[in-house]
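Enquirer: Chain order of the listed sequences is C and R.
Counting along the first sequence from 1, when you hit position 67 you're at 68 in this note's numbering, and nothing is skipped either side.
Counting along the second sequence from 1, when you hit position 299 you're at 301 in this note's numbering, and nothing is skipped either side.
Take the hints with a grain of salt, since some may be wrong.
[Said to hold, decoys possible] For each label pair, taking beta carbons as the anchor points, the in silico distance ranges come out as:
#1 Asp138/R - Ser95/C: 56 to 62 Å
#2 Pro176/C - His337/R: 53 to 59 Å
#3 Asn244/C - Ala27/R: 56 to 62 Å
#4 Ser214/R - Pro21/C: 36 to 42 Å
#5 Asn159/R - Arg90/C: 28 to 34 Å
Everything labelled a hint here was simulated from the structure, so no lab data went into it.
Computed from a predicted structure; not experimentally measured.
A virtual CB, placed ideally from N, CA and C, is assigned to each residue, including glycine.
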Amino acid sequence: MTLNRQKHVRYWRMCANILPDAYQSSDASRMFLGFFIVAALDLLDVFDNPQLEKPVIAVQERKDWIDWIYSCQVPDGQGFRGFTGTDLRDRRSSHNKQWDPGNLPNTFFALAALLTLNDDLSRVQRKELLSWLPRLQRPDGSFGEILGPDDEIEGGRDLRYCCCAAGIAYILQDPATEPYQSPFDENRLIDYILSCQTYAGGFAESPLREPHSGLSYCAIATLQLLTRLDGTSSRRARETLDNQESCMRWLLERQTTVLYEERPESDEADSDDEEPANNDGSSTVNSFADSPMYYTPPLLTVGFNGRDNKIADTCYCFWNSGALAILGSLHLADLQAVRRYLLDKVQHIIGGFAKGPESPPGHSIRLSGY
Amino acid sequence: MSTTAASSTATLLPPDAKPPKSKTASYYSIHPHWQDVVPIPQADQTGTLAAIAYSARYSEAMSYLRALMAEKEVSERALALTEDLISMNPAHYTVWIYRMRTLRGLWTASGNVSNAKVVEVQDEVTPTGDWTEEVDETLWDNIASELKWLDEVSFRNLKNYQIWHHRHALADLLPADPASPTTSTSTSTPASETKPQLSTTLHQRLSTFITSEQTFLAQILSLDTKNYHVWSYRQWLCTRFPTFLLPSPPTPTSTLPSQPSIAPTYRTHTEVHAIDTMIHDDLRNNSAWSHRYFLLFGHHELHHAQSRTPPLILKQVNDERLLHAAGRVDTPLIHAEIAYTQTEIRKAPQNGSSWNYLRGVLRHGAVAITTLRAFCEEFLGPDGDLWTDQWIDVEVEDAHTAEKRTEKQELGVRSSHAVEWLSEIYGQDGADGGVDRARECLTALGEKWDVIRKGYWEWRVEKLEAGGTK
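Isolated chain R, as found in the complex:
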């Protein structure tokens, strides 16, 4: 199988031959554009650990990649080779960096590169331009065309991480959004005190880019709605382009009093609306709930933590209620989100994602859990019964057709989460029999509603009896 380079010119492929799909066919060693390259075979001796039965095509391409890397070659053929290898091993951790280097080298040389000609990287494209500067038109085109290629690769490799890092690196070549507290991947700097504006043209270009990213993200998430890498990229994109993607972009901390509440309009904001839709499609999508928290509350916490010198730990901001103390909590928004989440919980009372989210909202707004007592009690049986699981037949009339039909309705306990919350609420109440009632909640969880966590609920009873729920 091992063909020596240029052993026989008679067997050379035509110059326009593309890499074959076959796992066994030779390509680089018999392609006319690669005859000057001396491949570096893999260093493995015998007796290696975790050897992989590589295809001959992969081994060959890797040997040529090593040869190009050894020469730090920047060329169109290097770019094509990275594409070929990425199709076989997208998790290769240096091939993506090499591709980025090559792209930037070729863009700098802008058009003067023939197929096999080697160029040295000299001055590279500046990663992040100043917001006042217009970006070179060809750079926009170059980034757009690389993203287009990347879209296809992404659809074929849903579980890969490096693809998203590459996308991140490409988007980071675009001009900074003045509202972004971190204007590049380098060290974070506090937002400037005077707020610059994007020029109209730049605003339009970025806006177009963001819209196309949102379309792409919606498409790829439709294939795997909880893809961790995609959501990580999406969150990063929001912090990188807050003007377009955050419903209330961060403002300098010195600007007091805080901005007016976004509660009346936030649901119409493009990114919030997108998340509303995803939660509507699947209210158990925890990734969507998590992003919702980031969009509405989390990024403020992060901004507050990072705008201090030295930066605070994110946890401190919540534990010490610093946003609350600084008057930077949007209280009407907190209440709007509590109401929204309550509606979602009523649709699916056993959904851990929405209950955990609600806990997060309460913490952010420093709202006491005891205020939700009546809401939690909605999910108990008649007269606050903690044990009933009774179902009854109820005759209901269809709103549209006026047809009558029989439906099962639950009379008993409908949410173990509500029972858990009530154990905390009753325990904190301290009023007559509060602790007894809290204990009953935990006992009901361990014995009936959540037996797989019996050990945990028993531990909670012990803790309760040792004094206080928290």
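Isolated chain C (complex conformation):
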């Protein structure tokens, strides 16, 4: 199969117009959804493409989208809302603005979406935004999501916020200012990232948690952004990236032929499911179940999982291969086999990609699968 460009364009076009009410529970991350829609359309090359007879997105529509994104910038310039749901409109005041705060990850997605739409960011309140950003950084170097009612940092300790903070600094850096002044403590941020690396090589959301592909991507991408920020820590970030063999190994270990929840039966040996281990140690486990020796079709189909012993999931094709690309090791993965997974197994008949090969059409199509 090939990439069905037309159907994907139609699918994302539809998402841009209106999302079904199943997305209501993602309302607070509308900016995030909006970014994925815009980014997907951009990857499909529908903006400013002279070869298109009729534009997919009209000029006015693009302007409206840009205006909507700016309407989510909070009035004092301290970030963007994740959605218009917190906007108190003419009843917003200094007395109650804590209930309508800027949201760190969604601020990053807003800026990234604006750039993708070819906006010049001239309406971003750059100075206010960059003074708000360090107030979200904790003493351990990590970042929170929002500032709460008493300016306390709310949200978990999470590498995703770290990556978004570095992304904001990267987008808003002013090349005219020499030398570069980092808006936050970059060395502390690197300390935090390093503390999240696990014994297996991948990164977890916080120290000693389980490694996860999405979070590993965030760790690696944050380090790469820091190398480009030209701050005092950029050399340290580069050295850290150059020393990531255990992470690379772990990312490649995420390639898997296990695409379905039920492990396939192997020969006539005892199947390997519900009860893998016997109490007395006399194991009946067929230990080599996911070894290629039982799967020798001429063309393997390989997906990526996000954690050890999980099944393949579309979005992890991006997170793992993205991190590998930054590390310069993507060529070590079996990309043809991954392409087969994406195009033959999870590309959806109506456009878009599903989470897994057996996901029902419609509601389960995830934007994160872009």
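For this one, chain C is given, so just place chain R on it according to the hints.
Expert: Using the frame of chain C, we list chain R on its own:
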């Protein structure tokens, strides 16, 4: 669909009407307790990006939430509204904070709040009481009742993160455990040098709380054994209440020599036992292995890193073998865990979780990988063969019924992980043909046992030939 507030008193609902299940019905605009509120409609103009086809019920509730937030109202009806909205959009990032604020405001006002009466938040409940102080009985009851509500919400929203943050915030209102190096969510402080004790009553109350949390965690994990948020909360709970949840709670670094080994008894510790059970139920549960590492080794690394000024990076503690140097590695425990993991690996030699865990244990204890050569060679074919995948029929006798039956037994290579480890071990050995043997391992992986990572194994061969495995 848009009903103007108080447009017609004749259509008002009875005062005890609950929010309807219907997605389209009005509620707040026609409820007698809400007639004084002027809702704030959503600001969206036309041409927005990623518009969502909201249900009318959701739009209405959101408009009333904005109105209450604008007035910073703290009331029973505000609490009820947050509950209603959480049921429709549990990922709303300020509604949970607003709920917590409201709860604390109402608890402070303690009972003097009528349904529609608005109270201003003044002195709030102190987040973390001193360990010597007894906690106000009503606060215990209030937290317990909110947790009970939260349990139900959690079962309905397994993938949500905010729920766990709320639970965390509630548990953090309880008194500090003196053994905890970080006694609150604020900045970490080194453990005090003299170790205070919990009073008997407080110990009992906390113990009851921990037991009920463990029961709840076991229930919710039974629905999704690898739920990332649940495990994050569980780990946090362990650091917050180490006396109850860690088999060897951290001690002040100055107390030397280190404590006696926990190796003889650790498997009976409640939290370790819970993890043993989960690994027994599914030895491929990587979340459980990860938590096991945290429980037995990781929290010591973290404590060591955080008790220095300025704090060390966790990675440094392992890379520079600092715990080892400080004599703070429980060597008998290391060996007990190596033996335990070996048993688990023999049950499922292709399980990446247990092999990675074993790597972690070796690193923590600074034990050389070469000591596991014989163990890894168990998973090769006859006479160390790296290529055989032969199966044979073996007649076995059932231990209980003495019945004989035929079983397939593998004579060949049974674990690609063992082959990888051996490539490192042989490569480090340097003895006769060590590098050749290491190369053969990597070649066998790329060509036979792990072809989807062929590119990686070829890279490893190049690296090996360029000198040394590490």
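Enquirer: With reference to the structure, classify each hint as holding or not holding.
Expert: Hint check results:
1. One distance hint, 56 to 62 Å for the beta-carbon pair Asp138/R and Ser95/C, is violated here, with the actual separation near 34 Å.
2. Pro176/C and His337/R have their C-beta atoms about 57 Å apart, which keeps the hinted 53 to 59 Å range intact.
3. Taken as a hint, the range 56 to 62 Å holds for the pair Asn244/C and Ala27/R, whose Cβ atoms sit roughly 60 Å apart.
4. A beta carbon spacing of about 39 Å between Ser214/R and Pro21/C agrees with the range 36 to 42 Å that was offered as a hint.
5. A beta carbon spacing of about 29 Å between Asn159/R and Arg90/C agrees with the range 28 to 34 Å that was offered as a hint.
Of the numbered hints stated above, the single one contradicted by the structure is hint 1.
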